[in-house]
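Protein chains in written order, with our numbering: chain Z, 11 to 404; chain C, 11 to 404; chain L, 11 to 404.
Hints in this document: simulated from the structure, not taken from any laboratory. Even glycine gets a Cβ: it sits at the ideal position worked out from N, Cα and C. Check the hints yourself; a few may be wrong.
Just so you have them, the derived chain C footprint on chain Z, three or more residues with Cβ under 8 Å [said to hold, decoys possible]:
| id | segment |
| --- | --- |
| 1 | 39-50 |
| 2 | 54-60 |
| 3 | 64-70 |
| 4 | 79-88 |
| 5 | 248-254 |
| 6 | 324-332 |
Footprint (simulated), chain L over chain Z, 3 or more residues, beta carbon under 8 Å [stated by the list, open to error]:
| id | segment |
| --- | --- |
| 7 | 275-283 |
| 8 | 344-350 |
| 9 | 370-380 |
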Amino acid sequence: MLDFSDMSVIDVHCHPYPRKNKLSADEWVDEVSFGGGSAEYLQAGGIEVDAAAMAMLQRVKRDTLYFRYMLRRLAEYFQVEATVDAVVDARNRAIAEQGYAAYAHGLHQAGGITALIVDDGHPLPQVDLKNFRAQVGVDVVPIFRIEVLIQQLLDADCGWAEFQRDYDDGIASALSEGGYKGLKSIIAYRTGLDIDPRSRSADQGMVALEQIRRARGRGGDAVKQLRDHLFCRAIERCIDYGAPFQVHTGMGDWEVHLEACRPALLMELLRYPAYRACKILLVHTGYPYHAEAGYLANVLPNIWCDLSEGLPFAGNAAARIIAEVLEMVPISRVCYGSDTYGSPEPFYSSALLGKQALAQALRILIDDGFMSRAQAYDAAKLILADNARQLYGI
Amino acid sequence: MLDFSDMSVIDVHCHPYPRKNKLSADEWVDEVSFGGGSAEYLQAGGIEVDAAAMAMLQRVKRDTLYFRYMLRRLAEYFQVEATVDAVVDARNRAIAEQGYAAYAHGLHQAGGITALIVDDGHPLPQVDLKNFRAQVGVDVVPIFRIEVLIQQLLDADCGWAEFQRDYDDGIASALSEGGYKGLKSIIAYRTGLDIDPRSRSADQGMVALEQIRRARGRGGDAVKQLRDHLFCRAIERCIDYGAPFQVHTGMGDWEVHLEACRPALLMELLRYPAYRACKILLVHTGYPYHAEAGYLANVLPNIWCDLSEGLPFAGNAAARIIAEVLEMVPISRVCYGSDTYGSPEPFYSSALLGKQALAQALRILIDDGFMSRAQAYDAAKLILADNARQLYGI
Amino acid sequence: MLDFSDMSVIDVHCHPYPRKNKLSADEWVDEVSFGGGSAEYLQAGGIEVDAAAMAMLQRVKRDTLYFRYMLRRLAEYFQVEATVDAVVDARNRAIAEQGYAAYAHGLHQAGGITALIVDDGHPLPQVDLKNFRAQVGVDVVPIFRIEVLIQQLLDADCGWAEFQRDYDDGIASALSEGGYKGLKSIIAYRTGLDIDPRSRSADQGMVALEQIRRARGRGGDAVKQLRDHLFCRAIERCIDYGAPFQVHTGMGDWEVHLEACRPALLMELLRYPAYRACKILLVHTGYPYHAEAGYLANVLPNIWCDLSEGLPFAGNAAARIIAEVLEMVPISRVCYGSDTYGSPEPFYSSALLGKQALAQALRILIDDGFMSRAQAYDAAKLILADNARQLYGI
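I would like the entire structure built from these sequences, with the hints used as guidance.
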């Protein structure tokens, strides 16, 4: 048996969360679960949201393996029965007794988490990072989501000269005095990952913005051309600042379009000469298309992959994702991440799952003659913390 | 060890079959195997179908793991040697001795199968369900394949007013006095799963049909637009009747186009507000793209997945498919299915494979801390029968 | 435990290599590793190639599981420490002591390799096969890469009459007096696998070539139409000569476009009546899209899959690839291959990995009731050598 439970963890991709001291069982499930729809989703579909519908939504959320794993680990942590009611009750009591910060810090510490690299572009309105830092008691390293800035500039109704200047300035100030250690893009959610690498000319931005402004919401391809341009421009800023660029690939929530988020779509862009100097982290390593992300990280030299979202939200996928990512990605290019949000509990159970799954995956590699036991411990240290530490200079 | 061999099974997706009392070894292989081509396939390719070619076809069919598994389970059942000749001989003798119905019922009973939800759109001409029911001795619940009706209406050469009325009436009468418990579509085989959700306007149907009628087989996109419309219309009828809609995704036979059958293509449609109230079952859970189907069933609340066709025809894939489907699909949304046809034997061996693979997959989940042993038995009951029972009100 | 270590191996897909007696550690890594970029790649991206950059490139290459496995197996072979320096030193010394041919032959023999089916279209300039044969001391069976001929004819600046004649003659002479036992295409690297099956008319070739000639590099779709035509024409020649056609699918190096190399794109072509008589080998079984290749080899009767490139370059993927390929591909249709190149060492470690992974995959099939122990040994013989022997008439 390999045991990595004492190792420290840097979560390379997650989200800050607002403090919620007391939650009902159903509220807590909504806060920490993944998928499964919502009352709003049903209502927009003309479905009557009665008690039965609400019970169905809760059931679907509670019936995933992700949720069951978290519940069982938390029951062990609190030493209560593995039911939602018992766990939520224990959580609320612990916060009431210890205070939120001590409680949250305790959970992060129990998971060995020493730093969180957070995308504060979700949730909106943005969580105040100073408060969040105090609340979790671990190092918090923010990354800057370009789509928040892009939306502000689209709303601002300015011309291209101003848009361009404010975009560059916004990124520059985030990466210098703003304390952000890198950029992040969710273009996969917007116009998709089939970004034309030839979009970096400012002319493309200017013409596309003009079309959007004139057509008022009927921009058609112009929206894509503008976003493609701003994405390429963000890569260039990352190169200027030596900052890594996190790019969402693969699974997201119900709003992502699976076809538009495949890592393979990025291949032309990532190998385009002008962008080769940028350090790219393929967020979620593109699960369920993680083999594609892994391939990119093998044949191109400046690509990192994180394990987030698939781990923990795809439940029992964790060990499989790690094993399959390691089929092609160099060990020095894989980072632990969770994409967790909402409350401290999933940060904790995700770290436990990550360590357990990593131990399983590496155990098999030892047995099959791919590495020694000592090399497995080295690999675990790199994946759980040191690769992220090196990438972000923490 | 988990042992689910005594559990009852509802096969949520399979096909009725005509009675064939005596088969030669080669005939039986053709009847119960999957893939591998046929004399007709070779002939259409200008290939001489001599004895060597026929032997090659037989060999390819017999050399799959699906076939080998079935053969070994049947050899155990009949207590004969695991060769095709011995098994077919035992089968023919058993039918001669016991009669077809007693033989078929015995095999279904030995597999624990208590109900078959059958798509009687295959084979054509349609198998008489009253006879089939008597023949298999288990509950037979039919679902209505819309493409059979669509073909009749296309052949009927009527105008849109009549087409529209007969389409709606055909579905209505199937779901009411016809005894059908839901609909089924194989649009993936026809114009593909990239169905435009905005196709529900009757205008689209009218214009498309008119183009098809005028162009006489040169309808181009009109065929797709008509099928898209009729698919959306079928969803609306399912919502009216509270009936589930089975949609073919993923693997089929040699006529399916893999690119057009990916579950990801359905995402826009399934989350379209107008269709959210419809209970959709993604047939075959899209194997080999089952991760995509699983994702849809996680993030959208009204989606079911069945395990059919991958299990049993992808042989040793069974445990992997179950494990990977459970990565994202809530336990209450997964149904056993086989897609078997032709003769009672694969129904039996498929049920055995399903139970064995489920035991393997759930065993690992217990070991890895995702569920308790009691929860594994509950999950098996849901997957093998109760989820289908609830979905179809059996 | 199954043990196939004494079985003989035919490598159905690999490349000849020039003789290099003495290599530095870094040179050897470059020669036998996969992926990870190069100084040229970085330079073209405007990245300064200093010592740190070179060290980074080396690290990425050495940090893959593929590389680690090879290193450990070679350390055992040479009985030295598992470090690059020790292994390269042992290699150089062995060549100096034994001579290159004895050394290379020894490694091939230790892996049980009795024949190499080589695509001599890589590396360029082409390796002299007579020298190579003497050098490796095993049977060397060449296959003819059509893209080498196509490039020569494009460079020759001839008209269609001459192009067409020289193309047919080039293939004919390769397959007759040239000693080539089949064809190979890397069209996936050029215009992609979405080849229109209706491209076999010579008219398409003529018009496309004329457009290319007139437009001088601005041929647009004409290049694709010409390549599609020449591909279909090559299939017809393969049918004439009864020669197998190897088609690259799936992973390659950094120049492949993942989206254009999916085996699913070939489905329309492979089932097109005119091409059904051609024996097609899907090279690399399309990894990471091997499920698609497997599906084609199940539902269509004249398709073979080789395990190369995924095995060994995807490291620990080997057993998974084999297991997943066997989900659908008949046992008589799977061939061992490596796609190795550069130096004898990876040929050896790849054979070891193949035998080990095959033993693991078949062990599970025995345990799960898919085959007997005797059938597992039969299957191993077929996959490691006999299927290739039969396909190529060796």
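Given coverage of the segment 64-70 of chain Z by chain C, tested with a Cβ cutoff of 8 Å and a minimum of 3 residues: holds (count 4)
_So is the segment 39-50 of chain Z in contact with chain C by the C-beta rule, three or more residues under 8 Å, or is the coverage claim wrong?_
Our answer is that it holds, as 4 residues pass the Cβ test (under 8 Å) against chain C, meeting three.
Okay, the segment 370-380 of chain Z and chain L, do three or more residues pass the C-beta test at under 8 Å?
holds (count 5)
inquiry  = Cut-off 8 Å, C-beta pairs, minimum 3 residues; does the coverage of the segment 344-350 of chain Z by chain L stand?
reply    = violated (count 0)
Using a Cβ cutoff of 8 Å, are there at least 3 residues of the segment 54-60 of chain Z near chain C, or does the coverage claim fail?
holds (count 4)
**Study point:** Annotated coverage of the segment 275-283 of chain Z by chain L, confirmed only when three residues or more have a Cβ within 8 Å
**Key:** holds (count 5)
Taking a Cβ-to-Cβ distance below 8 Å as contact, does the segment 79-88 of chain Z have at least three residues touching chain C?
Coverage by chain C holds here, the residue count being 3 at a Cβ distance below 8 Å.
Outcome, coverage of the segment 324-332 of chain Z by chain C - at least 3 residues whose beta-carbon is closer than 8 Å to one in that chain: holds (count 6)
Quiz item: Are there three or more residues in the segment 248-254 of chain Z whose C-beta lies closer than 8 Å to some C-beta of chain C?
Solution: Not satisfied, violated; 0 residues make the cut.
Violated hints, in rising order: 5, 8; the structure is consistent with all others.
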